[in-house]
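Numbering (my numbering), first residue to last: 65 to 456.
Watch out, some of these pointers could steer you wrong.
Stated by the list, open to error - Distance ranges between label pairs, derived from CB positions:
hint, residue 1, residue 2, range
1, E250, A89, 34 to 44 angstroms
2, R260, Q330, 27 to 37 angstroms
3, T81, Q330, 25 to 35 angstroms
4, E221, D107, 37 to 47 angstroms
5, R428, T80, 45 to 55 angstroms
It is worth saying that the hints were derived from the structure and are not from the lab. Glycine included, each C-beta is placed from N, C-alpha and C at the ideal position.
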Amino acid sequence: MTASRAALVPRMAPFTTTIFAEMSALAAATGAVNLGQGFPDSDGPAAMLRVAQEAIGSGLNQYPPGPGLPVLRNAIAHARSRDHDQEFDPDTEILVTVGATEAIAAAVLAFCEPGDEVLTLDPFYDSYPAVAAMAHARHVAVPLRRDGTGRLALDVEEFAAAVTDRTRIVLLNSPHNPTGTVLTREELTGIATVCRERDLLVVTDEVYEYLTLDGVAHVPIGTLPGMAERTLTVSSGGKTFSATGWKIGWVCGPAPLVAAVRAVKQFLTFVAGPAFQVAVAHGLRHEKSWVDALAVDLGRKRDRLCAGLVAAGFEVFRPQGTYFVLADITPLGGTDGVGFCLELPSRAGVVAIPAQVFSADADRWRTIVRFAFCKADAVIDDACARLSRLSA
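Could you put together the complete structure from these sequences and hints?
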């Protein structure tokens, strides 16, 4: 085979590796504290883990049904009704996927033609532009900007102006990674108005739906007037139950939309691990109090890390949810987040993620880096002690 035939197609060339893999490898190579990739140090609820172990031991190890095990689809329907007043038919309106990432990819591939546009917030999770490229679609990003309170907010008029005749999907992430912003009901209402007026499909990434802090409410846009029929709601068990490696996600929405996603999904990974599906079903039905306690604990961990970052000399963006806090390196003399993060393991023994890799406007985020606080207290304290060297 010639080199030209072996070359990656140009549209995928920017996505040959992820920043998470690169920085986690750097952490492993240097022995640095990894506050880059967003995975917790501790496992989920013990009873849920036992369900998975027992399911494996009892022989639940072969292909499950393509749409997902009924026990999980029923549990998802139960949780959406209990927690968000959303009603879904588990047989036709819920599809189990290999994590939320696959659900989003399958949705974009199902509904986008070449030249269509996928509209996201900026900054954005790194898989969004990649899946748009897979679909030969154009990725368009609308910036979150600091308001008078320091919160990163959406200007709905700017969002509306970004919509064109080619816009096909609004890929909406709230609670938002990497900023930790939780969109307000007012912001969501403005987005919904635009989507109804322009007849847009909304795909929502709500994997941090239960992990909001300080009593901030997460409002699924699918619950707003006129939005249920045009919204595919995506979530997963990974962040909710501290089981990110299980990769059990799902998409909920109108039967015709879910059927279209299923048509694509079946040729991506086909099915997800059945034992983990049974365990996540248990978690959704029986571990809500554990999840509530996790959110409270994450708030405490956020405060612990933020205090350490401020003491080390960073300017901190206080998040309203998720696992992450953004920090500005300008007070430390930093001018480039990528260079700062590459040098940080040798300078302080800590790994972070440069926020500019999540943005279509890298210059705007060039001095911002992201740290994960979903770690054990001892790990956070160790990282903060190491980072204090920067201001010594």
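Status of the hints after comparison with the structure:
1. E250 <-> A89: 34 to 44 angstroms: Check passed, 42 angstroms falls within 34 to 44 angstroms.
2. R260 <-> Q330: 27 to 37 angstroms: holds, 31 angstroms
3. T81 <-> Q330: 25 to 35 angstroms: holds, 28 angstroms
4. E221 <-> D107: 37 to 47 angstroms: holds, 45 angstroms
5. R428 <-> T80: 45 to 55 angstroms: violated, 24 angstroms
Violation of the numbered hints given earlier is confined to hint 5; every other hint is satisfied by the structure.
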